[in-house]
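S.K.: Once you've looked at the hints, dock chain V against the given chain G.
Number of protein chains: 2
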Amino acid sequence: MRLPGGFLASSVRAGVRKDRPDLALLLAEKGANAAAVFTKNRFQAAPVVLARNGLRKSGGRVRAVVVNSGCANAATGSAGLSAARRVRNRAAELVGCPPEEVFAASTGVIGVVLPDAKIRAALPGALHRASKSGLAAASRAILTTDVGPKVAEASFRVGGRTGRIVGIAKGAGMIHPNMATMLAFVMTDAAATPAFLRRALRDSVDASFNAISVDGDASTNDSLLLLANGAAGNAAVRPGSRDAARFAAVLADALGELARLCVLDGEGASRCVEVVVRGAASDEDARRMARAIGNSTLCKCAFAGGDPNWGRFVCAAGAAGPPLDPDRVDVVVDGVVVARRGRPIPAALPRAARRMARREFRIVLDLHLGRGAGRMLASDLTVEYVHFNAAYTT
Amino acid sequence: MRLPGGFLASSVRAGVRKDRPDLALLLAEKGANAAAVFTKNRFQAAPVVLARNGLRKSGGRVRAVVVNSGCANAATGSAGLSAARRVRNRAAELVGCPPEEVFAASTGVIGVVLPDAKIRAALPGALHRASKSGLAAASRAILTTDVGPKVAEASFRVGGRTGRIVGIAKGAGMIHPNMATMLAFVMTDAAATPAFLRRALRDSVDASFNAISVDGDASTNDSLLLLANGAAGNAAVRPGSRDAARFAAVLADALGELARLCVLDGEGASRCVEVVVRGAASDEDARRMARAIGNSTLCKCAFAGGDPNWGRFVCAAGAAGPPLDPDRVDVVVDGVVVARRGRPIPAALPRAARRMARREFRIVLDLHLGRGAGRMLASDLTVEYVHFNAAYTT
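These protein sequence lines are chains G and V, in that order.
Taking the numbering used here, I'd label the letters of the first sequence as residues -9 to 384.
Taking the numbering used here, I'd label the letters of the second sequence as residues -9 to 384.
Next up, chain G with everything else stripped away, as it sits in the complex:
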């Protein structure tokens, strides 16, 4: 788990959470170009508001990333915004950069103002400890109720040099009531402009983080940040070039892997199911139907039970809105055809059920209507999920 050149990381205990590291710091020694996507929820936490404005103001430059777990600083009004601003300003002071080049993110309990004094007091220690080997520690400090850290890494050729890309994430689930958020931070030493990064990020996020479902709820704090510091020494990737295509593929793989890890680590999840809809009238139709299946509580229960309940899958797709002719649909569970042209194949069901006993499998609906295709990664819905989320902890 080696950081790309020019990046440092660390974690410390700020005391927001009890007895565990809860503050992560990522540093781009000479700064980095940046692009980010944020939750589309209308209810956005203070750090999201601040980070979005900061990126706009800095023209897509980031020098430091400060992430705390334990408190999401959401639903905290102007008090929350001031607290986040104080953390940002102190970090900027210590690092020696404009405040807008500090990207701050928070995750944890909703409705509590960030205890910014604790975080400000811990920042010098975090800065002091920042090192080339600090990523593993940072990847753990951003977790809340995740089972374990989520890391993706790869090397690639870019402009005749070898670039590296490394990403860390925390899970998409809300295990405990009021525990928010998916966060992901991806760093590369390739050189690329903020505009190029924005576009590459938007393209890959639709196929990865925007195509996963643990419980279908977008949180108040979801943030995904991509940093490129150019330490690899390549000339900035040009849009439309072969390097651009390669970079996009590498980024898509990294985000896909982080998204997959988030689903596998979803609250109470026992399975990660790839739902594919093809033969739809358009890609957009296919994506909507794959999403409807992946979000359906009935389908999620069938995933949990290892039940090749093809009627439910088609029913959920049919409820999504786009055209579908049930008499044409094929349903395939990990290679086993359980329905062809809308009619069940009962003899295939036991074999399909055995495939669904695996931790990861794929369900394909072929609508035979057109050439549209879309996919979705979904967790199952287990008794443990309900236990977690019905617990009274407000």
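To be clear, the hints were calculated from the coordinates, so they are not data collected in a lab.
Misleading hints may appear alongside valid ones.
[Unchecked claim] If you want the footprint, here are the derived chain G segments under chain V, 3+ residues with CB under 8 Å:
id	stretch
1	28 to 40
2	280 to 294
3	330 to 344
Beta carbons are placed, not taken as given, at the ideal position from N, Cα and C, and that holds for glycine.
M.R.: Chain V alone, transformed into the frame defined by chain G:
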């Protein structure tokens, strides 16, 4: 549970299900004007296709309603359509009416062709037993995994006469895999034209059956039929008249009550929650947000746990899309304000939790943005729901 004048009902055992009545017959002795709404799922069962066409062909006249439980006759292609047609034709022959005046509905397992021979063989017995006191029996024969029958009734004044309205329904849940469907049949002896009935039904169904959520999945067989036979002796209700307003209110009440009973009898449901959003920019916005809260698995788990988790409710509303300013939102649990202008009131939470321990309660979000309002009835999400639906029974 008295039928309105001019209607008869019965139930018999046709043998589709084991050892229990599974065929209900409703008769309008001299025929009735009719209106119906059906599932919007693209995946529609054979009886839905047939019933919709029949109503169009008959110009909104219905003489007999034949309902079987145990088999939904969905995903059965042309074989299913032929089977449904044979049942309809046999019933028409026995009753002595055109086939398009027979409304046939089915509920039960998906993917199995209706055993129409059994049903045809049972029809003469059902016709023979049809009586003014047969409604209770019919209300039970249409059930599948429902806990008990669902009936709503009322009397009202119309054109100087006393009219009656009686409705029966089966639950909205899909307890067992492949068990579909919400069905409701509402009969009145008031006189009204099919056009008037269509409009009244459309208006009331949006506020009742279209505003409930057990698991958010629209099934392949959902059907709601309204019959008015004029036996009360009133002149046909004129649109825009005082009678029309009274009839609309009575119909809305009856459908509201049936919808409420369906939610309370939802699979594994322990609570029926009225979710109200007001102060939205428009009614449509408010309805979308109320629906998002009612369908959210996270919110449903909070309902089950009796947890006044206001942050989740606002977060689900914020994810729905319409405008929302979290710093303005009030959240009220059965009269107890748990958040005002986006800030929690911790002292109120224990009292709110006690309200949420009730079987029925109300959650209100006031957005303070405009005058739009909308509501939704939602069941909670319990461990029992997952147990039911994860069971392998394909």
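S.K.: For each hint, tell me whether it holds in the structure or not.
M.R.: Hints versus structure:
1. Coverage of a stretch by a chain is defined here by at least three residues with a beta carbon nearer than 8 Å to that chain's beta carbons; for the stretch 28 to 40 of chain G and chain V the count is 5, and the condition holds.
2. Note: the stretch 280 to 294 of chain G has 6 residues with beta-carbon separation from chain V under 8 Å; the three-residue rule is met and the coverage holds.
3. Only when three residues or more bring their CB closer than 8 Å to a CB of chain V does the claim for the stretch 330 to 344 of chain G stand; here the count is 6, and the claim holds.
Violated hints are absent here; each numbered hint is respected by the structure.
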